[in-house]
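2 protein chains.
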Amino acid sequence: MQINFSKNKQKEVSNIFFSIFNARIPCPCPNFAAVRIHEVSDFYELIKVLKKNNHMKIAVAKGDGIGPEIMDAVLKIFSANHVPLEYDFVDMGKWVFDKGFNNGMTPEAKQTIENLGLLFKGPMETPKGKGVKSINVTARKTWNTFANKRDFRTLHGVDTVFSKAGIPIDITVVRENIEDTYGGIEHMLTHDVALSRRFITRPGSMQVIRYAFEMAKQKKAKRITCVHKANIMKITDGLFLECFQEVAKEYPELKADDIIVDDLCMKLVTRPDLFDVLVLTNLQGDIVSDLCAGLVGGLGFAPSANIGDHISIFEAVHGTAPDIAGKNIANPTALLLSGLAMLRHVGLTENAAVIENALLYTLENGTHTGDFGDKTIPSVNTTQFADTIISNFGKKPNIGAREIIANEPGTPTPLKLETNPMMISKESESETIVGVDLFIESDEQPNAIAEKCKRHAGVKFNLINISNRGTQVWPTGSVYTNLVNQYNVRFESIEDEPLNQQDVIGLYVSMSGNFKICSFELLNMWAGKKAYSLAQGQ
Amino acid sequence: MQINFSKNKQKEVSNIFFSIFNARIPCPCPNFAAVRIHEVSDFYELIKVLKKNNHMKIAVAKGDGIGPEIMDAVLKIFSANHVPLEYDFVDMGKWVFDKGFNNGMTPEAKQTIENLGLLFKGPMETPKGKGVKSINVTARKTWNTFANKRDFRTLHGVDTVFSKAGIPIDITVVRENIEDTYGGIEHMLTHDVALSRRFITRPGSMQVIRYAFEMAKQKKAKRITCVHKANIMKITDGLFLECFQEVAKEYPELKADDIIVDDLCMKLVTRPDLFDVLVLTNLQGDIVSDLCAGLVGGLGFAPSANIGDHISIFEAVHGTAPDIAGKNIANPTALLLSGLAMLRHVGLTENAAVIENALLYTLENGTHTGDFGDKTIPSVNTTQFADTIISNFGKKPNIGAREIIANEPGTPTPLKLETNPMMISKESESETIVGVDLFIESDEQPNAIAEKCKRHAGVKFNLINISNRGTQVWPTGSVYTNLVNQYNVRFESIEDEPLNQQDVIGLYVSMSGNFKICSFELLNMWAGKKAYSLAQGQ
Numbered sequence: 018m019q020i021n022f023s024k025n026k027q028k029e030v031s032n033i034f035f036s037i038f039n040a041r042i043p044c045p046c047p048n049f050a051a052v053r054i055h056e057v058s059d060f061y062e063l064i065k066v067l068k069k070n071n072h073m074k075i076a077v078a079k080g081d082g083i084g085p086e087i088m089d090a091v092l093k094i095f096s097a098n099h100v101p102l103e104y105d106f107v108d109m110g111k112w113v114f115d116k117g118f119n120n121g122m123t124p125e126a127k128q129t130i131e132n133l134g135l136l137f138k139g140p141m142e143t144p145k146g147k148g149v150k151s152i153n154v155t156a157r158k159t160w161n162t163f164a165n166k167r168d169f170r171t172l173h174g175v176d177t178v179f180s181k182a183g184i185p186i187d188i189t190v191v192r193e194n195i196e197d198t199y200g201g202i203e204h205m206l207t208h209d210v211a212l213s214r215r216f217i218t219r220p221g222s223m224q225v226i227r228y229a230f231e232m233a234k235q236k237k238a239k240r241i242t243c244v245h246k247a248n249i250m251k252i253t254d255g256l257f258l259e260c261f262q263e264v265a266k267e268y269p270e271l272k273a274d275d276i277i278v279d280d281l282c283m284k285l286v287t288r289p290d291l292f293d294v295l296v297l298t299n300l301q302g303d304i305v306s307d308l309c310a311g312l313v314g315g316l317g318f319a320p321s322a323n324i325g326d327h328i329s330i331f332e333a334v335h336g337t338a339p340d341i342a343g344k345n346i347a348n349p350t351a352l353l354l355s356g357l358a359m360l361r362h363v364g365l366t367e368n369a370a371v372i373e374n375a376l377l378y379t380l381e382n383g384t385h386t387g388d389f390g391d392k393t394i395p396s397v398n399t400t401q402f403a404d405t406i407i408s409n410f411g412k413k414p415n416i417g418a419r420e421i422i423a424n425e426p427g428t429p430t431p432l433k434l435e436t437n438p439m440m441i442s443k444e445s446e447s448e449t450i451v452g453v454d455l456f457i458e459s460d461e462q463p464n465a466i467a468e469k470c471k472r473h474a475g476v477k478f479n480l481i482n483i484s485n486r487g488t489q490v491w492p493t494g495s496v497y498t499n500l501v502n503q504y505n506v507r508f509e510s511i512e513d514e515p516l517n518q519q520d521v522i523g524l525y526v527s528m529s530g531n532f533k534i535c536s537f538e539l540l541n542m543w544a545g546k547k548a549y550s551l552a553q554g555q
Numbered sequence: 018m019q020i021n022f023s024k025n026k027q028k029e030v031s032n033i034f035f036s037i038f039n040a041r042i043p044c045p046c047p048n049f050a051a052v053r054i055h056e057v058s059d060f061y062e063l064i065k066v067l068k069k070n071n072h073m074k075i076a077v078a079k080g081d082g083i084g085p086e087i088m089d090a091v092l093k094i095f096s097a098n099h100v101p102l103e104y105d106f107v108d109m110g111k112w113v114f115d116k117g118f119n120n121g122m123t124p125e126a127k128q129t130i131e132n133l134g135l136l137f138k139g140p141m142e143t144p145k146g147k148g149v150k151s152i153n154v155t156a157r158k159t160w161n162t163f164a165n166k167r168d169f170r171t172l173h174g175v176d177t178v179f180s181k182a183g184i185p186i187d188i189t190v191v192r193e194n195i196e197d198t199y200g201g202i203e204h205m206l207t208h209d210v211a212l213s214r215r216f217i218t219r220p221g222s223m224q225v226i227r228y229a230f231e232m233a234k235q236k237k238a239k240r241i242t243c244v245h246k247a248n249i250m251k252i253t254d255g256l257f258l259e260c261f262q263e264v265a266k267e268y269p270e271l272k273a274d275d276i277i278v279d280d281l282c283m284k285l286v287t288r289p290d291l292f293d294v295l296v297l298t299n300l301q302g303d304i305v306s307d308l309c310a311g312l313v314g315g316l317g318f319a320p321s322a323n324i325g326d327h328i329s330i331f332e333a334v335h336g337t338a339p340d341i342a343g344k345n346i347a348n349p350t351a352l353l354l355s356g357l358a359m360l361r362h363v364g365l366t367e368n369a370a371v372i373e374n375a376l377l378y379t380l381e382n383g384t385h386t387g388d389f390g391d392k393t394i395p396s397v398n399t400t401q402f403a404d405t406i407i408s409n410f411g412k413k414p415n416i417g418a419r420e421i422i423a424n425e426p427g428t429p430t431p432l433k434l435e436t437n438p439m440m441i442s443k444e445s446e447s448e449t450i451v452g453v454d455l456f457i458e459s460d461e462q463p464n465a466i467a468e469k470c471k472r473h474a475g476v477k478f479n480l481i482n483i484s485n486r487g488t489q490v491w492p493t494g495s496v497y498t499n500l501v502n503q504y505n506v507r508f509e510s511i512e513d514e515p516l517n518q519q520d521v522i523g524l525y526v527s528m529s530g531n532f533k534i535c536s537f538e539l540l541n542m543w544a545g546k547k548a549y550s551l552a553q554g555q
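Protein chains in written order, with my numbering: chain A, 18 to 555; chain B, 18 to 555.
This is chain A alone, in the form it adopts within the complex (with noise of 0.2 Å):
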């Protein structure tokens, strides 16, 4: 299973993947165990094999609820079609949990996923107060799927407000999928003051951002559009901003341009026609995402994809409907439209066209499971609505019909690491130590702080500001700045001379002898440039 390179080859491959990703990945050893290669001469001859292989392995969980039933209709529809990809079942889900594997899958689940590099899943339930964590976020993060992308188009037969406005919506919406607040940091700095550490980093930003850039030029998209916070959050966001600005100049061809994250909000509830793709941070992304699924008719109605360097996922994030489950009713469309995703992922353009057609076909003609559509016809049920799909094989809706691209398998996730690649996207500058910020317990007014503080500064730093909730108290203020028992006091060098760790250690014992000092920052200037927001005034 193992492909050995050269040293040199060891190198050039890191190459191609610091070009693509922006990043350094130590000695990266390829292997692509879902087209089954055992030996490689290099990276090209893989590539190469993979695009003329046209059979695939991936890993399926068929999910718990309603997804063993909606799953069968999707995998029969893939048969009917003659997709070329073999089915590897493994045990994720509920029932999982229940045997006692505390992240919802058997080792040889994680073993296997982890050979093919694909996962195509059903919905999937966690079992609450349980202490366990959400499966679906485990696998994203574990597996580092970066980019949670998701096509909302409107869909002829599936009535909303919008579709009755005849208003059309095709949006792309690609969010980073690991960072920000999912991260999952959290801290009760007093009892009265809680922390979440929200981090952006540049190459996941950049990671991310590229993979929008590349998804647009597919899709020939007629605009790309950054979803940011940048006028509040102006280091973290604006670090997502200015990846999306440098990549936006390596494709001159697309129309790029940014939007603020609430201005978006209104905008898509108003004119949602205007969009096409967005790229976003995790938090920001995960509610934009769930908007536009409901613009097109809910989570029903939405596929899914989420996707790694190593390791894809393609999923219906919809609910398992335990109250529907075995009776054969439920609607699989939202599985489909995430299924004909990951084909397109593998390169079965061909197969992903002519089943899209006929869901849109099926879909134009009011044929509809219990849970929408014309009340006036008939509903169907999920076997029939799977054998509909079938039998309209080959026919094209009025409106929106895809082109049929011939297949060329072959680009999916293609390496296997033996060590956690390291990603790094800048080289130090010069930099230096210029201060710090202590983040204090105290329930004394600011200046009773003030006196305290000053006595501890010592000769290396200046007591610059003191702030409360983010708004400066001290040196200048106002009264009616309500407070809470948590300070941030800050520290910096006399005329920003260069300090060392030592420095701050000796401020740190010294201040903690008056104060309980809950966290601090270390204050950096980096090519002569303040690495950290100023308070107001300063």
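Because the hints were derived from the structure by calculation, they are not lab data.
Pair by pair, the computed Cβ-Cβ distance ranges are: (1) A:K181 - B:E461: 54 to 60 Å; (2) A:Q519 - B:E259: 38 to 44 Å; (3) B:Q462 - A:K150: 22 to 28 Å; (4) A:N398 - B:E446: 55 to 61 Å; (5) A:P185 - B:E446: 55 to 61 Å; (6) B:Q235 - A:P124: 55 to 61 Å; (7) A:V526 - B:Q235: 51 to 57 Å; (8) A:K150 - B:K181: 41 to 47 Å; (9) A:D290 - B:I416: 27 to 33 Å; (10) B:K234 - A:V526: 48 to 54 Å.
A short list of chain A residues far from chain B (calculated; beta carbon distances all over 10 Å): (11) G343; (12) E425; (13) A474.
Here chain A is said to cover these stretches of chain B; the calculated rule only asks that three of the stretch's residues, wherever they fall, bring their Cβ under 8 Å from a Cβ of chain A: (14) 190-203; (15) 517-525.
Note that the Cβ used here is the ideal one computed from N, Cα and C, for glycine as well.
Assemble the complex: chain A is given as a structure, and chain B must be docked to it using the hints.
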């Protein structure tokens, strides 16, 4: 202007505040300049006088661009309706920045607003690229307007996809206005990793949630819903949700529930009629309130109120539209609706209802400015729009008429302070320090870092785990987890033995020999419970 209380009375007033805000306020010295009271014997007398008084003075800032003309239109309507308010016009806005005032207002303006406690403002522009902070955000934060309240109602005559679909909207969004990432506390930890500190506090949450419940009761709301992302941000949004559930117990007559923010947004674009009052943290509230503005036709129809203990601000949040400024064609509806919210805030409920009914009647009958409405009916200009409303005083719309409730002025911002109020909601339980999270810069592999860290653990600490972007990479993890050059290393005390700050300093000093430590967070245990998020598998 100063009211002096006896020590006992001071305590009593403080207790009232404690019961209202669940917060401790040291020695408040009340005054309410808006009603020009120079001395009253105690707080209750003050309130009584305020209730009787029916002629108040408020600060008015006309704003930039179309601000002056729409403000004139609104004040003309107020005047025609004999609204018992006096206006003190203050200097705020772009032209004040241009004069060299860095916060966009003159010192006299600031003083007047702090004296009067109420500001009614038109749209304002903050000059770009001059490094000055947004005048709107500065005002909200400095004066601690903790709640942003916005009412979104279907206006007949303003066509939207939802009005065409016959879906009525009557949603009030109450957004926390100070905390969250809006504190603007941001640092670059490495060249690749940016951090924003997202904080949520118990007293801050209590304040806005109590306000939302009181308002919902007044509105006779059918439902009040806490919107959050506590499934991901378990400690911060968990705290907000906990406060909501605590306050909900005091209002058994109100149906109180909660919803995940992404789910809400999907439902808002399909079934907005299901919701009534929403209460949210700052960023989520920002996004949801603009989404709701879109539902009813955009910012031109969405009022905004910033409610504080001491000072409240009522404003139009749309732009200054410099392209049409001075042409007398702008739409004053949003500013008028904000003004009506202000009238209700000070108890002028009758004036507000009469004017609102006239506005609704006017819209219903097709009168419109050039930016909206039935294009087959010629549009009117700003003055004509105001005059039509005035001519319709006493008339009621067919749909959505407001009940006329007699004026009862005198409940606004009653206190003038001499020191900053300190809000402490929860007295200390038994607390111990049980460890520390150190955030270090490194591009080494997790195992190599662990080996070094173990050597620094000494006799007091255990190395518990190492994570990267919130995903555990040591002692267990996956090679498919991509890394950035910033790790979180968690040390805990052996067998949860209590530590002191000296122990933490000792570890910090030792670790700093091997690593650059960007920041740390103390790990606290309160009443036997860990006050920080656990890593996966911990």
